[in-house]
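Colleague: Let the hints inform the model, and build the full structure from the sequences given.
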Amino acid sequence: MKTNTQKYHFVLALKFSFLCWVLTCGLALLVSHFVSQSEQSRQQTEMLELIEEAVELYHSDGLESLVEVFELAENETWTKEEAQEHWQEEGWLMALYQKDVIIAGGDLGFERANTSKSQPQTEIDEETQLIFYQAQQINDGLYLHLWQRLDHDVVIAQNARTQFIVWLAIFCWLPPLLIFVYFRQMQGNTITKLSQQLSLVAKAPELHRTVAKSDDPQLLQLCSVINTMLDEITKLHHNIKTMSVGVAHDLKTPLTRVANRLQSMEQDIDDPVQLAVHLEKACEELEKIISTFNNLIRLNSIESGKYQQGFKQIDLSTLLLDLTDSFTPVFEDAEKTLSVSILPNISCYGDADLLAQLVCNLLENALEYTNPRASVWIRLQSHSSGVLLQIGDNGPGIATSDQAHIFERFYRADTSRSSSGNGLGLSIVKAICDIHEARIYLLEGQPGAVFNIEVPTH
Amino acid sequence: MKILLVEDDHETAEFICNGLKQAGESVDHTQCPKDAIIKASTTSFDAIIFDRLLPSMDGLDAVKILRASNILTPIIMLTALSDTAARVEGLEAGADDYLVKPFAFVELHARLKALYRRKPAAQTVNELQVGCVKLLRTSRQVFRGESEIELMPKEYQILEFLMLHPNQLVTKTMLLEHVWGFSFDPKTSLVQTHVSRLRNKLDKPFNSEVIKTIRGSGYLLSEQ
Chain G
1 MKTNTQKYHF VLALKFSFLC WVLTCGLALL VSHFVSQSEQ SRQQTEMLEL
51 IEEAVELYHS DGLESLVEVF ELAENETWTK EEAQEHWQEE GWLMALYQKD
101 VIIAGGDLGF ERANTSKSQP QTEIDEETQL IFYQAQQIND GLYLHLWQRL
151 DHDVVIAQNA RTQFIVWLAI FCWLPPLLIF VYFRQMQGNT ITKLSQQLSL
201 VAKAPELHRT VAKSDDPQLL QLCSVINTML DEITKLHHNI KTMSVGVAHD
251 LKTPLTRVAN RLQSMEQDID DPVQLAVHLE KACEELEKII STFNNLIRLN
301 SIESGKYQQG FKQIDLSTLL LDLTDSFTPV FEDAEKTLSV SILPNISCYG
351 DADLLAQLVC NLLENALEYT NPRASVWIRL QSHSSGVLLQ IGDNGPGIAT
401 SDQAHIFERF YRADTSRSSS GNGLGLSIVK AICDIHEARI YLLEGQPGAV
451 FNIEVPTH
Chain F
1 MKILLVEDDH ETAEFICNGL KQAGESVDHT QCPKDAIIKA STTSFDAIIF
51 DRLLPSMDGL DAVKILRASN ILTPIIMLTA LSDTAARVEG LEAGADDYLV
101 KPFAFVELHA RLKALYRRKP AAQTVNELQV GCVKLLRTSR QVFRGESEIE
151 LMPKEYQILE FLMLHPNQLV TKTMLLEHVW GFSFDPKTSL VQTHVSRLRN
201 KLDKPFNSEV IKTIRGSGYL LSEQ
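Read top to bottom, the protein sequences are chains G and F. Per my numbering, the first sequence runs over residues 1 to 458. Per my numbering, the second sequence runs over residues 1 to 224.
Bear in mind the hints are in silico, worked out from the structure with no lab data behind them. All of these numbers come straight from a predicted model, not from anything done at the bench. Misleading hints may appear alongside valid ones.
[As the list claims (entries may be wrong)] With a straight-line cut-off of 27 Å between C-alpha atoms, the simulated DSSO-like cross-links for lysine-lysine are:
1) F:101 to G:252
2) F:34 to F:2
3) G:430 to G:336
4) F:101 to F:113
5) F:34 to F:64
6) F:187 to G:241
7) F:172 to G:336
8) F:201 to F:134
9) F:101 to G:306
10) F:187 to G:288
11) F:172 to F:187
12) F:172 to G:288
13) F:212 to G:288
14) F:201 to G:336
Modeller: Next up, the structure:
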């Protein structure tokens, strides 16, 4: 694993530094080429200007002035040795030809062009030196030829540049390689630490979270996202755990009771009256199991969101008035009061059956978990961003430690699970609120349980 | 009653067949929806019980075919899908009632009877009379004998539903569906409370019961 990682980083570093090397060398070559080009063209321009000046002088002052430009006496010609010496020392050579006879300067046997005005030419001699050549016809039969070597300073500068490029090519791959290796190492360390932390999380998801000791904002964000994900997974994990316990318990109790009833039936097989009692009780217990499953199916079906397709505008005021009319006698029979304060003509977008179940479940909870003569209220009013529905009671309320869990499936504040509910009522309420994009919360600092539900009106 | 049962699950089929036979009804059982379509087209049944999820064809499609070929036998769909959307889908396909599994046999039987005895005109009749109880639907007035009885809206609706199905078992679920429009079962004694209030007004002053409680099953409005 470790060798693989090292090999991977090494190959990556090599690729990166090779790319840097190619780019740096390429850039240096390009710059050097352009500098040389500009220097050569500057020298050629100067040469052209010199010739033009000489020709002008010839036309105004005659041949004497022309040769003076080149610091020569009239009719001064060089022998081959003299010309060679001048070429070596000065780096240039001129020759003035009358027809094919040289009348001033000297010639080292370079190629000549007898055209009226030749383009500047360049060639390279045996010593690989760059030579510029320019020929100019002065009058019929009189030709001026000028050869010039690349300036000595320029040659030195060019050589220096070449040397620099060679050294650059030899060493420029090293710094990026080192820098890259360093950064990869740093990052690699953080990632290795992260994977070590994550392997701990796998063993105990509740206990461990990732911490990145790095300034890299991307890594910090990654850690934060991983932690959020872990929190969510832990929550789900916890839900599944509670749910399995809930399902197991909520099924086990009634099933045990059914089994007991069946045993009693076997004992009382000759007593038809007792038999009927056992049978009825067993059926009641089975109904509880079926009701638990129906609620679970209902909850999943609500959460699947398919109800949303059938959403329409609902007159919430009428719906609630109808429901409270139905529930008032139930509350009266339980010696509790239900006070209703519903503003008319308040509507929202949703599913009437689900909204009815939401209210039913909350009212039933209030009915079940309050003491005799408790008062329960339901209020409906407009709210800044929609509708505010409040269902509350002055009963014992919900303990602070339980408040965070009341919407969880199968969660019951009563840990003995002796009450008749199945711990799904508030989960269904929450699911209904969620698909209606409504916010439900328990009011704090209230003597009883007061739920506020904010339903958007869009 | 002569009933056609279309159900692929052997246990459920046996449970329904036994129940119906014991209740004195005649049952014809088939597992195949195509077979059921042929049987329903050639024989006259009083009601058809159709399972929604069948192996070779969706029960919903079979019902559509039956309705398209003008077979108007009342149909009850049995299904494991309990949500309103599925219910509406079933009713729109042409089924007359919709029952969610698992169900009690009495529930199925009560619904079958309700369908069988339902007179098409009953929904539009303005005056209902069962024994000494009279209900005027336009003025929403209720009389027992000569005396008028004041009822709350829900009590009135319960009585109306019972009077539309006289001498038949009406279950708590049927009342929740038709009177409250709920597709869920509230934990509380919502139905019991309202029926008991209705009884207090309709039966108590006259010392005789027209609404009978069938323990664990539902209610029955009798003619005497």
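Colleague: Give me the numbers of the hints this structure contradicts, sorted from smallest to largest.
Modeller: none
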